[in-house]
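Going by our numbering, the first residue of the sequence shown is number 1, and it counts up by one from there.
Just so you know, these hints were derived from the structure itself, not from any lab. Take the hints with a grain of salt, since some may be wrong.
Claimed, not checked - Calculated pairs, SDA-like style, for lysine to any residue (alpha carbon to alpha carbon, straight line, at most 20 Å):
(1) Lys-113 x Ser-53
(2) Lys-109 x Thr-14
(3) Lys-113 x Ile-101
(4) Lys-68 x Lys-113
(5) Lys-68 x Glu-115
(6) Lys-109 x Gln-92
(7) Lys-80 x Ser-53
(8) Lys-109 x Met-89
(9) Lys-113 x Tyr-56
(10) Lys-94 x His-83
(11) Lys-68 x Ala-114
(12) Lys-98 x Leu-51
(13) Lys-2 x Arg-49
(14) Lys-109 x Glu-81
(15) Lys-80 x Arg-49
(16) Lys-109 x His-83
(17) Lys-68 x Ala-54
(18) Lys-2 x Thr-14
(19) Lys-98 x Asp-76
(20) Lys-94 x Arg-110
(21) Lys-68 x Glu-81
(22) Lys-109 x Gly-60
(23) Lys-68 x Gln-92
(24) Lys-94 x Tyr-79
(25) Lys-80 x Ala-93
(26) Lys-113 x Lys-85
(27) Lys-86 x Lys-113
(28) Lys-109 x Ala-93
Said to hold, decoys possible - Here are the in silico distance ranges between beta carbons for each label pair:
(29) Ile-99 x Thr-14: 18 to 24 Å
(30) Lys-94 x Lys-68: 50 to 56 Å
(31) Arg-49 x Ile-11: 58 to 64 Å
(32) Ala-54 x Glu-84: 17 to 23 Å
(33) Glu-84 x Asn-106: 18 to 24 Å
(34) Glu-90 x Tyr-56: 16 to 22 Å
(35) Ala-54 x Ile-16: 52 to 58 Å
(36) Lys-86 x Leu-50: 24 to 30 Å
(37) Arg-110 x Thr-67: 21 to 27 Å
(38) Arg-49 x His-83: 20 to 26 Å
(39) Arg-49 x Lys-86: 25 to 31 Å
(40) Ile-11 x Gly-95: 54 to 60 Å
All C-beta atoms, glycine included, are put in the ideal place defined by N, C-alpha and C.
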Amino acid sequence: MKKNMILISAITLTLIGCGSSTNGHSNKEYIKDIAIPPTTNSYKPDDGRLLASACYGCHGTNGVSVTKWDSIAGEDELYKEMHEKKGIMEIQAKGYTKIEIAAMENFLKRLPKAEKEEKDDEHEKEKDDD
1 MKKNMILISA ITLTLIGCGS STNGHSNKEY IKDIAIPPTT NSYKPDDGRL LASACYGCHG
61 TNGVSVTKWD SIAGEDELYK EMHEKKGIME IQAKGYTKIE IAAMENFLKR LPKAEKEEKD
121 DEHEKEKDDD
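Construct all of the structure, not just a fragment, from the sequences and the given hints.
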């Protein structure tokens with residue numbers, strides 16, 4: 001019984017010691033000294049490059065399409081086209097701010113324009129022959 005009382009007393013003193021502040025500072029004082037990053041979207045992608053990379057899934061790497069979708073490299077009317085009231089691009093535009101779309105356009109218009117390949121012309125002729 002005496003051992004149990006000593007053990008209970010030791011545990012109680014340990015818990016009391018853990019709960020008290022030994023240096024006189026409260027946790028609130030430490031928290032106010034921590035620098036909290038701004039909550040605004042302060043990160044700026046490299047001239048729209050990161051944002052424009054989302055377009056590459058449909059419009060090809062660096063905006064040069066190898067599918068039925070238009071190439072967008074070298075184009076300077078992306079902002080206007082994304083806000084036309086037709087097709088999927090209007091829906092895509094809702095995921096970006098005006099500033100982000102402008103940044104994508106500024107990046108993409110500096111890329112070399114896609115050259116029309118002969119195989120595209122041949123493919124069109126085959127469709128006409130059918």
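If any of the earlier hints don't hold here, list their numbers in rising order.
-> The structure breaks hints 2, 13, 20, 26, 27, 29, 30; every other hint is satisfied.
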